[in-house]
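2 protein chains.
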Amino acid sequence: MPTRLTNFFLRTLREDPADAEVTSHKLLVRAGYIRRQAPGIFAWLPLGLRVKAKIERIVREEMTAAGAHEVHFPALLPREPYELTNRWTEYGDALFRLQDRKGADYLLAPTHEESFTLLVKDLYSSYKDLPLTIFQIQDKYRDEARPRAGLLRGREFTMKDAYSFDVSDEGLDASYQAQRDAYERIFTRLGLEYVIVQADAGAMGGSKSEEFLHPTPVGEDTFVRSAGGYAANVEAFTTVVPDPIPFDGLPAPVVVDSPNTPTIQTLVDLANAEVPRPDGRDWTAADTLKNVVLALTQLDGSRELVVVGVPGDREVEMKRVEVAFAPAEVEPATEAYFAKHPGLVKGYIGPWSEDGPVLGEESATGIRYLLDPRVVDGTEWITGANVDQKHVFGLVAGRDFVADGTVEASDVRDGDPAPDGSGPVEIARGMEIGHVFQLGRKYAEALGLKVLDENGKLATVTMGSYGIGVTRILAIIAELNNDEKGLVWPAAVAPFDVHVLATGKDQAAFDAAERIVAELEESGREVLYDDRPKLSPGVKFADAELIGVPKIVIAGRGVAEGVVELWDRASGDRVQLPIDGVVAALDAD
Amino acid sequence: MPTRLTNFFLRTLREDPADAEVTSHKLLVRAGYIRRQAPGIFAWLPLGLRVKAKIERIVREEMTAAGAHEVHFPALLPREPYELTNRWTEYGDALFRLQDRKGADYLLAPTHEESFTLLVKDLYSSYKDLPLTIFQIQDKYRDEARPRAGLLRGREFTMKDAYSFDVSDEGLDASYQAQRDAYERIFTRLGLEYVIVQADAGAMGGSKSEEFLHPTPVGEDTFVRSAGGYAANVEAFTTVVPDPIPFDGLPAPVVVDSPNTPTIQTLVDLANAEVPRPDGRDWTAADTLKNVVLALTQLDGSRELVVVGVPGDREVEMKRVEVAFAPAEVEPATEAYFAKHPGLVKGYIGPWSEDGPVLGEESATGIRYLLDPRVVDGTEWITGANVDQKHVFGLVAGRDFVADGTVEASDVRDGDPAPDGSGPVEIARGMEIGHVFQLGRKYAEALGLKVLDENGKLATVTMGSYGIGVTRILAIIAELNNDEKGLVWPAAVAPFDVHVLATGKDQAAFDAAERIVAELEESGREVLYDDRPKLSPGVKFADAELIGVPKIVIAGRGVAEGVVELWDRASGDRVQLPIDGVVAALDAD
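From first to last, the protein sequence lines are chains A and B. Residues in the first sequence are numbered consecutively from 1, following the numbering used here. Residues in the second sequence are numbered consecutively from 1, following the numbering used here.
Calculated from the structure, these hints are not laboratory results. The reader is advised that the hints may include incorrect statements.
Which copy is meant is left open, so a pair is good if it fits within one copy or across any two.
Below, computed lysine-lysine pairings styled on DSBU-like, alpha-carbon distance capped at 35 Å [as the list claims (entries may be wrong)]:
no., residue 1, residue 2
1, Lys442, Lys121
2, Lys450, Lys121
3, Lys540, Lys121
4, Lys442, Lys102
5, Lys121, Lys505
6, Lys54, Lys121
Please take these sequences and the hints and turn them into a complete structure.
In structure tokens:
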């Protein structure tokens, strides 16, 4: 049965919704696919539900083909398991929490690691039961601070989340690879170009993590890639560490008055004028050591100052710092912190003073000091002398100062060497479309998931977690497939295969359209039929362009001469066809 | 691709779950269909999800065939619309309420009248857009005081809820009828016998309401039906009101000491001995008037006493009283209430005293007084004289006392006359499987849903609401289709069409089973294949009986002689068939 516009729940809108920031949001609302109910919370109208169901079907088919079994967990879950993994606290304000009538704590699940782990613990007990991968397609909740961008970052959203369970690390590798392969097939079927990038896995206690990014200049994520095949998001990029340099023959550090050095360049100029290097090389901004004071707040609420030293030609990139210190929260230290630490001379902070070490757990201040990996032993630096209006020149790492460790805090730049030796990287932007993740044994340990192994001993299970945001994917496809007239769906996820328009006042056009609709349905195609009488062709064309079904058939004035038009929404091409030639033309397409 | 038990997420259990009260709950957990996550909250395992999907498909097909369009609303909704309809308060403790990070109030929707109404208001503006029926299949939340009975009454549950929108009452009748017809088709396809009973619609402000009940002695709902076709749930049953009787010639009331009348019978005996009727008829229990004091708590928290008078041979039935006074809460008055009302003499309460009226808004106490509809003018009663140890005999309704109205408070009994004149009713029990409901204009008025009518005037839309509990239906089907060995699914909703078992240690049996599985799949059937090696036939048989797929094929020892067994789960019949004759036998079935 075709869907007839005379009897369909649809109202297209000519105006963009006032709250919409991104194209997909604007068009999905205007074309009658979704409707906002609250910030980040949407209702699905019939057109939107059809597209969502098609994406879900593709995901489900590929999950099943990869040997995963479908289950379905509640959205409303008790607090206890999330307490055991600390996520009840770690999730912070992003977790929707509530109480039932008895005062018991519940949450709306943002992901279901705990539930899946406990279910397997509940039912399985032997290595013979594994490997196992189970998945669900389910509505999740995250109380985003600023829900925006429509479905790209909603507070209620549909996800496919899968979890694998293995006894051995090799088993996890195989399960991970099977999901990774399935993701490649899913995104290929969805027509979504992708790059698989290394992602940071450390904070979650896992061992390996990759993101599927769709490369696009309007993407919200930054990643780097080399011509030699390296790809990582900036949080996961690791700096190539130079070899250390022998200290022999390096001059002693020199403290110099530096009252008029408001910029790094003025400081460098002063260095080149006052403390020329014995080997004649100029000092550059890359030889200055910038010490940035950060305040960390741990999950238990405790606070700590940490100083991060990076070359002066680099910036401290907060996204990388946040990953490095996760799950602690990081913010630049405020004046209040400085007031509490008179040992730090603001504007002239450095690890060394003529009175001894200033930074580091063993120093006078006791403040933890972490360095960019480029600051290897034997490198010489210009930095603050920890005295007002004085800098020290030629301070040698490893000789004059030591740190408590290194940290990946600097920004990554075009031309930085890839850590795998595959050449210089370039910075690119993309949208996250999937995430595969080796959780390892973190959740199994927290929740006590063990099975008997081949030797009859209890072994903690190792897990993987694999996510695709179904509603986010839908928005990304809409974001990538549109023009000024409206949506342009790829065939695999279009709400209908063909949109048939009967135009004009001539009954013959409507009769021809009815015949074509019947033939199209006979051929197995899903048809949206605009059978609305008394509407101008222009209104019908505009609706068809806005809705974005890939193939449009127009039965209008030409019917008198036995022809209709076949209109390709993407290319805009229109060709005339005999009335009974539509199916054949589409078959040949 | 068949589902192989060597690689399927399933663990059957031999023991009933400790918290399970009903058969469906026990069997669905033991057979690996569902798993409890919290009180009234369940996870769906692969088998359960398959059955659920089949029920949903049948519901979806019939909704679509009835012209309804599918949409999908969020579970998490803002407070405001529910405030406008007063349901934020009316729902009481059964509503899950929460706040987002900004402190805004949200709820987990128990049903979506408000959302549907606002969506139509948002998009439609003309009578030409109507009639419209839209539906969703969606997870809902109700914080039941005592979640029990597994899926029969969960706190998270899946419902199909549909809503119709019309301009005229006739339109609503037609939309209502279309849904009612669709429900008949759905329950027929699901193999669920049903009775359509009148239900109470008053409290919700609606005009007409019917429930689909599955008649079964273990049902939790009571309904009445007559041989002549009347059917109603007890809450909706209305008493046939007798004609009034002329007062002429009725004797004056007589007050009698009645110290030793602990029961109604002793009171009746006293009456027959002390105050014989002039016409010689005996007094009976039906001539006594029992006055029951109830405490009402209104939604705004205000409290009120009300006295309900019913014939002494009837009981006050709280379910009927609750409907009559809804949305107020009703409870029997406690001693504390009596203490506050010294005008009421406990054990001897009556509407009349020698000093004047005792009950009624115009009386000395001012307490509202409502009567069973059988207490018509001219009927004579034995009741309390409102003096300790005294009753009054021959008190005539309408002459000696008046009430503030009538109330349907008495229990309904076998033999009571049906209100439509179709003869005496019998009491029966059933399980609610669906509910269709003419909401009328209540929600449209509260939320301002108006459209321009044919005359260009704004008209408030009239609505219907139509619900089927998908997960409840699944539990009911399980509750009705089982034996001591396990589940016995009807073919329409079974998780698989055929369950093939390979038994024994002979590879030939497994080879034959593989061939049969391939042929069954070729024929379009969904197959569960028990290919587990090294398991005794007994274990496999027990699992097959527990899981309850309707047709079971056993490839075992007989394979050597070229035969397998076809086992009908429901009848228990087993027949031998040639190995290549399974599909033909099932086709012929």
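Hints breached by this structure: none
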